[in-house]
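The listed protein sequences correspond, in order, to chains X and Z.
Take the first sequence: its letters are residues 1 to 54, numbered as in the numbering used here.
Take the second sequence: its letters are residues 1 to 734, numbered as in the numbering used here.
Hint data in this document are derived by calculation from the structure and do not stem from the laboratory.
Check before you lean on any hint, since a few could be wrong.
Simulated coverage check for chain Z against chain X, where a stretch passes if three residues somewhere in it have a Cβ under 8 Å from a Cβ of chain X [stated by the list, open to error]:
#1 510-524
#2 535-541
Over the 12 Å line for every Cβ pair with chain Z, so calculated as not near, a few chain X residues [unchecked claim]:
#3 Lys44
#4 Arg47
#5 Glu48
#6 Gly49
Values in this document were obtained by computation on a predicted structure and should not be read as measured data.
Just so you know, even glycine gets a beta-carbon here, dropped at the ideal spot from N, CA and C.
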Amino acid sequence: MSQTCPVCGMEVEETSPFKTMYKGTMYYFCSNGCKKAFEKDPEKYLREGPKGMP
Amino acid sequence: MGLRIKKEEELKIVGMHCSTCASTVSKAIKGVQGVEDVNVNLASGEAKIVVQDKRKLKDIINAVRKAGYDVITQKFNIIVEVSEEEILKVKEITEGIDGVISVRAGRDNLLVEVNPMTTSPETVIEELKKRGYKVKVSNLKQSRKSDFKDLLTRLVISSIFTSLVLLFPSPVLQLIFSLPVQFYSGLRFHKGMIRAFRNKTTNMDVLVSLSSNIAWFYSLFSFNNPFFSASSLLITFILLGKTLEAYLKERASEHIVSLLNVKARKVTEKGEIEVNASDLKPGDIVTVKSGEVIPADGVVDDGEGYVDESIYTGEAVPTRKKKGDPVVGGSVLNSGFLRVYVTRTGERTYLFQVVEAVREAEAIRLPIQQLVDKISEVFVPTIIAVSITAFLTWFYILHFPLSFSVLIAVAVLASACPCGFGLATPMAIIVGLRKLLKKGIVVRHGEALEKLKEVEAFVFDKTGTITKGVIKVSRYEGEVELASSLEKLSNHPVARAIATLGKERHDVREFTEFKGEGVYGKVDGKDVIVGKREFVMKNCEGDGKDADVLVCVNGRISGYIWLEDEIKEEAVKVVSFLKEQGYEVIVATGDSSNFADRVGETLGVKVHKGLSPDDKVELIRSLSKRVAFVGDGVNDAMALKEAYVGIALSTGTEIAKYAGDIIIPSLEVIPSLLKQSKRTVRKIKENIAWALAYNSVLVPIASGMLYPFYLPPEYAALAMSMNSVSIVLWSFVQ
Chain X
1 MSQTCPVCGM EVEETSPFKT MYKGTMYYFC SNGCKKAFEK DPEKYLREGP KGMP
Chain Z
1 MGLRIKKEEE LKIVGMHCST CASTVSKAIK GVQGVEDVNV NLASGEAKIV VQDKRKLKDI
61 INAVRKAGYD VITQKFNIIV EVSEEEILKV KEITEGIDGV ISVRAGRDNL LVEVNPMTTS
121 PETVIEELKK RGYKVKVSNL KQSRKSDFKD LLTRLVISSI FTSLVLLFPS PVLQLIFSLP
181 VQFYSGLRFH KGMIRAFRNK TTNMDVLVSL SSNIAWFYSL FSFNNPFFSA SSLLITFILL
241 GKTLEAYLKE RASEHIVSLL NVKARKVTEK GEIEVNASDL KPGDIVTVKS GEVIPADGVV
301 DDGEGYVDES IYTGEAVPTR KKKGDPVVGG SVLNSGFLRV YVTRTGERTY LFQVVEAVRE
361 AEAIRLPIQQ LVDKISEVFV PTIIAVSITA FLTWFYILHF PLSFSVLIAV AVLASACPCG
421 FGLATPMAII VGLRKLLKKG IVVRHGEALE KLKEVEAFVF DKTGTITKGV IKVSRYEGEV
481 ELASSLEKLS NHPVARAIAT LGKERHDVRE FTEFKGEGVY GKVDGKDVIV GKREFVMKNC
541 EGDGKDADVL VCVNGRISGY IWLEDEIKEE AVKVVSFLKE QGYEVIVATG DSSNFADRVG
601 ETLGVKVHKG LSPDDKVELI RSLSKRVAFV GDGVNDAMAL KEAYVGIALS TGTEIAKYAG
661 DIIIPSLEVI PSLLKQSKRT VRKIKENIAW ALAYNSVLVP IASGMLYPFY LPPEYAALAM
721 SMNSVSIVLW SFVQ
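So that you can see chain Z by itself, here it is in the shape it has in the complex (with noise of 0.2 Å):
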């Protein structure tokens, strides 16, 4: 029997703010398989629990989140230098630190959560350095080192030294030009594979260290007919082809982190000084000249130009900018001049928080992926016993030379490449994030892309996202004086249209507010109300009329607001472009009011009206289909959080603050979204359909079925290391 290891662990609750919240999360832990004792404590908002498994701590948060109530963790994004096949034995190893809830693969990084009461990030970062791996925390500061570099430099080398050994016929030469090759040139291969081995997996690297090494030693055993060539043309080959991919992820990658390298002209007392964009501070003066990327996110100071801003709205005509002005790090000035007060730097700037988001968004994970998961385990023990089988079958009953038999089994393992299956996804999401960042669109949860392929319905909020959001009030009767004062307190869009009405200021006291309801307070030392008509009638005596907005004073209805919005153009578009392609469209607001009913006459589709943040979760619930919600992220954040796929629409700068899976820069981009979320998860299907047929197609024929056709170790390689290049380009095509 196995040794069963208790974990006690301690999580920090928030929202805990009377004893029955104690004991339903109390109650939701204890559900929670596993879990052998809880203890919540409602003062100090922490939660002690013991389980069986550490591996349930995912469970135990959900669970904590489902009652209602939420843990504080911390997340973080580490670099791993690994190939793309690796990664996920990575994640699983972070998965097995203590106080590490969950983790998210991406290409080369993982994101990771922990619980901080337990673990840290330095502390997973020195496990994953323990087991012989390469980490580090993804920041601004430390730009990753370019791996194209080091393996140019390395194919630079083996280039040379491999042509030589081609040049000389003398066995000894060889064996001398071929050393640099094999053992600087391929050292990332062998050292890849003595690390995949410690930790009880396999790669890529084994395949190609182990096939050259052979051919590599064998050769030092048969000096007379050496295959010094054919090892050193190997790993050439090989690195030739791991060069290119490297470029060409790099250019993938290439224009989203450009801040990076901008310099910035930086206004001080002893006049202008060049500077590092990451070296500016908030409050900060830069000057812009024409043509010039703008460094840091800010406020014009001074200047007027024109800017090109389509990184971050898709627009591509440029915006005049003046005095006041905001403007977005890594948007160019097309002409003028501009003095800029930063405002935002570094990680708080957008393009960063772009950054981060489709870093996290890389990490997508089809239910494809499961089968290619599988593949990838098997994949290496496989092609060894292809190779032996082959060796044996050749040597043994075909009855053919040592060194044919030797060059085959070297061929076979040449040939194999698991990379295709670790390149299929990533790139094809790379590849497809960076098209639609060029439209504006931030896509942060990958799996958004093949969730919005299910899609049944939409429903969309209709302030600030149907309509312009500009509430204006289009008529009024009796007091609106005192509700004027008491809606400058609040930011709610009507609040903000009915705070214009009045002349003077009233003294506030008492000020509270209901979400989606309305606002109370004593004005003059008078109750006063305003709200929504239902909510005010519940509360007052009188006449509501047709009002969409009522004002009680001490308990008598007095005050009558009607409102207006105007429809967006765009939306009257987007919802008949819906409504053609077959989607259920319905529209859902806070708003009560009769207005609410002429938006949904004007588009043609149901209105549900009146409802709070909370009912819109419900109608979603309610409506048993897959949903994207479309709404401002703010203020919709439950329902966008509860959708199947939650489009959150932007007005500002700060990402960080919207909810959502996706966020979008205006309604008109939801076509060209749907388009190329439906092309991005096709490439990644046809990327791993082209990886599955290439290695069954090229295995065969090294193994040398088609004799006397067959291909050289070298040919092999070449073959094998055009596979991932190829899924690369293809996934450029999109």
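Bound conformation, chain X alone (with noise of 0.2 Å):
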């Protein structure tokens, strides 16, 4: 199944080995800068939606 990358909206395979968890939802990243940018702050992606890669 497909996923949405929090950071920059693209598309991602369940099998990115770039993934975390937060408030108990699993979220997967296209990159390792994606997903540093969203450990960072994650509610501002989740509030703001995707910002393009960081």
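Each of the two chains sits in its own frame; use the hints to bring them together as a complex.
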């Protein structure tokens, strides 16, 4: 199943090695950079939606 | 204007799993100078590239790797039968072959990385053979033909016939007896010269062949006063030096490949039969008696004994082995009797991996090498020029007889030896690497020895490196039963400790591991998260107390686990040694518990805790110092690569799976590693200085600058061949 990277808005497969869990929900990222950006301020991305590649 | 040939290359890219990836890769490749067009196909993982110069391939691959993806390449080792100073020319030729990405040169071997989409090892070898080089892929079965034996045969023949030449004054007899010396024993030099000229290069063979041929053919013209004895002695002396050198070189590389010649007693239905160690297969059972070498990697099936495992632990005290214990091929059973179930043979054995690693490490290029390469390039032409100048000076200006002037010219050619430069680095490295191997240290990248000298800080991983890595749960509160079931699916050391807490088996679904953070899964239908404090706190409600690991069930924190891990004795010693030597020492750990701080206090060093593998890389970068990272070669692969020098602490025998430039069996060896690396690097420089000094003294003497004292060609040749022998011998003293 495909997921959306919450930081850049790209489509990501669930097999992506870049993933985390926040408030009990899984998030998948297209790159380590996106994951890092998300972890810095997850609320911002969840509130405002994808911002494009950091 | 030169014709510019455009090259199309195809690469297989790994790790692209979204469309951004494809554009990132494409951008990275386009950024490389000389790339004209790129077409990255996400579905097939292939990139088609149009590039002006095929030598850019390496830059392209580096760019892809830098962007976080990888390219499938194939590496292989080939052995080339040439003299040391020529290997660089062969390297250059190989680099020009289509599809070759990079080439590293060793003493007599090349480590070639190719793009398997374009070429294959066979094609590369074929190309080199076309150029007149004898090449083969290095592997276990084709053990190397002994250069020493070939030289010895030629030496014996030339010694016999040279003695005859010296015994009989008759020019006719001298001519006859000198024939086998000149054209059989000396043939390898003449062949070498022809090959060198074909490839527009020069080497030592050119000097030997020219000098002996000039002396021999000149004798045909001045038949009443011939130099047959000079030309024959010249070849004999050079062969003597070369044979001695080959013997010493073979001795230096000897004990490491010893598994090749080991015999094994294999147990079959018909009883025990003797086979070669290289013919064993996994699953075979072999018996080993006391005093014998264990022929392959395996597990003790029956019996008991004391095994000397110093080849891979560096530990001289034998270890007791009983049923179920692993043994390593190449170690020696000191006493007892073992039946061994073979698990790894041939190229997969520890010893073979070590041999390959060391071969790769021998391809070291120190900065000083650039100077040496420049000297080697101009060396032979310069000597030829000196020789001609000397001849002209003695004959036309000083009006000496023709035969004397020819002798001087020949002596100059025979006195100069470029091989010393070629030998200086590899010999010192080979001996140094063997010394380290005896302590169980495997150096994979020779450059690391030089780089170690420049290291300013040591960063140690904690778990398993500084501490014993046997993480125990010191206490726990609340819910751990479900957590334990979940952790059973993870391999992380903390997970393994927690996995022992539970008593029953529970049903686990949707298991997911977050590297360096924790795990999630549905256990008996409940959402369970087990992980680091910070990770669990982000996801669940409740108080985390001061526990190291938290358990969260259905969104609420309900379990608390505290951990401990003992510090290794040698860690304390090594850290204080390094601090005394003026190194900055830092501990970096993924552990975020208070225990990490306690480790820092005990060792008196700074601790960076709660780091993910990526954070460790960041830390190394941010230190902006030359850092040696010491860590577990499996989990810290990225940090080991990022560090200036990566030192992996091995716990097993499969060195291929460890990242890092140097693999050590325990922290204890770090002081001797530092010492030996300094010694080896110094030795290389000494060897080069020696080769330079030797030539700059000998060549002027040979050209007759100290007349009436001068060197007859045969003694010039003897002195020259002793140059390489002395470098080899000097390299042994480390």
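Note to self: Hint by hint, where does the structure go against what was stated? Just the numbers, ascending.
What the structure shows: The structure conflicts with no hint, since it agrees with every one listed earlier.
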